[in-house]
Amino acid sequence: MSTLFDWFANLRKTEPAIQKQQEREIADGLWSKCQACGSLSYTKDLKANQLVCPDCGHHARVDSDERIAQLIDPNTWKAIATDIQPTDPLEFRDRKAYRDRLKDYQSKTGLTDAVVAGTGLLDGLPVALGVMDFRFMGGSMGSVVGERLCRLIEHATSEKLPVIIICASGGARMQEGMLSLMQMAKISGALHHHQANRLLYIPVLTHPTTGGVTASFAMLGDIILAEPKATIGFAGRRVIEQTLREKLPEGFQTSEYLLQHGFVDEIVPRTQLKKTLAQLISMHQPFHHLMSPLKMETVVEPEQ
Amino acid sequence: MPKTERRNFLLDFEKPLCELEARLDQIRQLAAENQVDFSEEIAQLEARANKLRREIFSSLTPAQRLQLARHPRRPSTLDYIQAITDEWLELHGDRSGYDDPALVGGVARINGRPVVMMGHQKGRDTKDNVARNFGMAAPGGYRKAIRLMKHADHFGMPILSFIDTPGAWAGVEAEKLGQGEAIAYNLREMFSFDVPIICTVIGEGGSGGALGIGVADRLLMFEHSVYTVASPEACAAILWKDAKKSEQAAMALKITATDLKKLGLIDEILPEPASGAHSEPLEAAATLKQALWNNLEELSSMSPQKLKELRYSKFRQMGIFQQVT
Chain A
1 MSTLFDWFAN LRKTEPAIQK QQEREIADGL WSKCQACGSL SYTKDLKANQ
51 LVCPDCGHHA RVDSDERIAQ LIDPNTWKAI ATDIQPTDPL EFRDRKAYRD
101 RLKDYQSKTG LTDAVVAGTG LLDGLPVALG VMDFRFMGGS MGSVVGERLC
151 RLIEHATSEK LPVIIICASG GARMQEGMLS LMQMAKISGA LHHHQANRLL
201 YIPVLTHPTT GGVTASFAML GDIILAEPKA TIGFAGRRVI EQTLREKLPE
251 GFQTSEYLLQ HGFVDEIVPR TQLKKTLAQL ISMHQPFHHL MSPLKMETVV
301 EPEQ
Chain B
305 MPKTERRNFL LDFEKPLCEL EARLDQIRQL AAENQVDFSE EIAQLEARAN
355 KLRREIFSSL TPAQRLQLAR HPRRPSTLDY IQAITDEWLE LHGDRSGYDD
405 PALVGGVARI NGRPVVMMGH QKGRDTKDNV ARNFGMAAPG GYRKAIRLMK
455 HADHFGMPIL SFIDTPGAWA GVEAEKLGQG EAIAYNLREM FSFDVPIICT
505 VIGEGGSGGA LGIGVADRLL MFEHSVYTVA SPEACAAILW KDAKKSEQAA
555 MALKITATDL KKLGLIDEIL PEPASGAHSE PLEAAATLKQ ALWNNLEELS
605 SMSPQKLKEL RYSKFRQMGI FQQVT
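Heads up: the protein sequence lines correspond to chains A and B, in order.
Sequential numbering of the first sequence, starting at 1, is according to the numbering used here.
Sequential numbering of the second sequence, starting at 305, is according to the numbering used here.
The following block holds chain A by itself, in its conformation from the complex (with noise of 0.2 Å):
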């Protein structure tokens, strides 16, 4: 017997076929459609615009390897602490043990842990560049993270080159504990000693930026640089709603809302972000041989 019912449900047996190869289109690549705007575009025509959304202006997320290619000019990247693994310290298990977590991340990703490091010439200039990836569980902050983004500082303290960092966490990793928050002190005072050598530091900071990384490296530019429209916020959006039933102001911890209250110095454009930071550093360089540091500070050596 036939009825109404079986006539609604064979009705909705069908419509995911059509779905499913409009799909496909999109994993195969060719095609690629915004978060923002569900406009379809050419993915090669946006990877050459940087995965900004050529419709709506969308920043697409970009991953470090995509990251370092739009800053560093070619064939001058050298990676740093290349050599450093993360390990379970506190044989941590949630749902799934961190160790296995760990590998699987790994393996998707190509990445040893959520930052790469490294020094190169962007339009010429040396720089000492992180690159945080939020496709390694978030962009979490663990060990790795701390010790890799420490060694890049004290390199680029010793070296004398300015420190850039492009944020992209939802905060420290807790699947190793205190170890992980330690990071946030870790880090800030490796940034303490950069700035006692009156060298220029600027995070710049992605969606998201949120949790113990704002609360350390992301907050202590000498300039800091937002994208448009990024989440960044020290508690995360869901707490605040939840614990305090307070009602969220319109365009809460985003870029604009930092801008619009004194937090971030600029909202630049990813397609611009080049362009700028070469045009910070150099406008912070010019005169530096001839300054003494601010605080009579040794010198810290990287380790090696």
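What the hints contain is simulated information worked out from the structure, not anything from laboratory work.
No more than 30 Å apart at the CA atoms, straight line, and that leaves these computed lysine-lysine pairs for BS3-like:
1. K229(A) - K480(B)
2. K548(B) - K103(A)
3. K355(B) - K566(B)
4. K103(A) - K565(B)
5. K160(A) - K618(B)
6. K549(B) - K247(A)
7. K548(B) - K96(A)
8. K566(B) - K610(B)
9. K274(A) - K78(A)
10. K275(A) - K33(A)
11. K47(A) - K103(A)
12. K96(A) - K565(B)
13. K103(A) - K566(B)
14. K480(B) - K454(B)
15. K78(A) - K618(B)
16. K103(A) - K549(B)
17. K247(A) - K545(B)
Given the coordinates of chain A, work out where chain B should sit on it, guided by the hints.
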């Protein structure tokens, strides 16, 4: 603390001990009223109570320690300051329009020596807790703290900080005023000070809000206090997708003083009175004072340069990873 009041704040694992103590009281009263000699029975029961107390407090789970660390009668920053100083003057304000009641500080003398003290301040009752925001400091609190630390550095006074917070204040106003920036700034600046810094976790050490006054030459922790990257409740909700798994999270996160000592993150564990700091606050204060003084004397013999070098290398070695060749 009077026993009746203590019963009002009784934790589950304390109950058998409290019942035994109540029985003891009854017998003592009976003995006094009827002029009968129960001394043998009393001694027996006392021995049993002592044994039970030792058993309970030496085998606390991390979740039970968390309960103790949050005990409403646990001595607070101001309690300790009043107990260990010769004189104390509270100073107020961040000089940017705010005075945070959740983070207090001021100048004091300990064994005759001028120091700057500061710490998170929880309330003693509900009303007081609302006024103190449950010890959750606002950006202005961290800015007051760094202002006081700069004062200490300027006048050559050691800095003694006390951690006791569920975490930094997470609200719309806190975000608007730059909670992240306020904490970050403190983390960096605390590496620049020429004076000794000693930090003690007296109760609950909640995440970045704790660390914001926690960069120190010496990190001490009371036996039953905890220090966490995220509250076990929040961690359970995020990683287990189930807030009821907080006991498991408390275990997994390694939040107790013993665990953190093993991980090389803290320097010294301060023993607490047999039934916890809240049972004998003055005894706990005496332990704290002695430990602070010992560390202070040791650190005072170092040059500012040496102090800063050691402070950086102390934090620099925190972290566990694998070096591949």
